[in-house]
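Take these sequences, add in the hints, and give me the full structure.
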Amino acid sequence: MARSKDRKYDIRTLDRFLRDGKISDEEHQAYLNELPDVAEKAATVEADFEENVLEKKDQE
1 MARSKDRKYD IRTLDRFLRD GKISDEEHQA YLNELPDVAE KAATVEADFE ENVLEKKDQE
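Here our numbering is used: position 40 in the sequence shown is 40, and no number is missing along the way.
It is possible that some hints are incorrect.
As the list claims (entries may be wrong) - Computed Cβ-Cβ distance ranges for the label pairs, DEER-style:
1) 27 / 54: 36 to 44 angstroms
2) 56 / 35: 36 to 44 angstroms
3) 7 / 36: 14 to 22 angstroms
4) 43 / 12: 22 to 30 angstroms
Bear in mind the hints are in silico, worked out from the structure with no lab data behind them. Please read these numbers as outputs of a predicted model, since none were measured by experiment. Glycine included, every Cβ here is placed at the ideal spot set by N, Cα and C.
Dropping the structure here:
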């Protein structure tokens with residue numbers, strides 16, 4: 001389970017907490033600055049994309 005501090009900054013609830021004044025933009029930025037850089041743990045993913053898929057679906 002997420003720690004309560006992390007839950008406060010969860011992307012699913014962040015907008016609501018910011019809007020309701022439960023956290024400030026400064027608090028949010030400070031939290032982001034505390035996060036470790038884990039870029040070296042990223043995996044490369046190959047993907048093929050087909051262009052205009054949504055447009056084709058709308059035309060059906």
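So, going through the hints one by one against the coordinates:
1. 27 / 54: 36 to 44 angstroms: Between residue 27 and residue 54, where Cβ atoms are some 37 angstroms apart, the hint holds.
2. 56 / 35: 36 to 44 angstroms: holds (39 angstroms)
3. 7 / 36: 14 to 22 angstroms: holds (18 angstroms)
4. 43 / 12: 22 to 30 angstroms: holds (24 angstroms)
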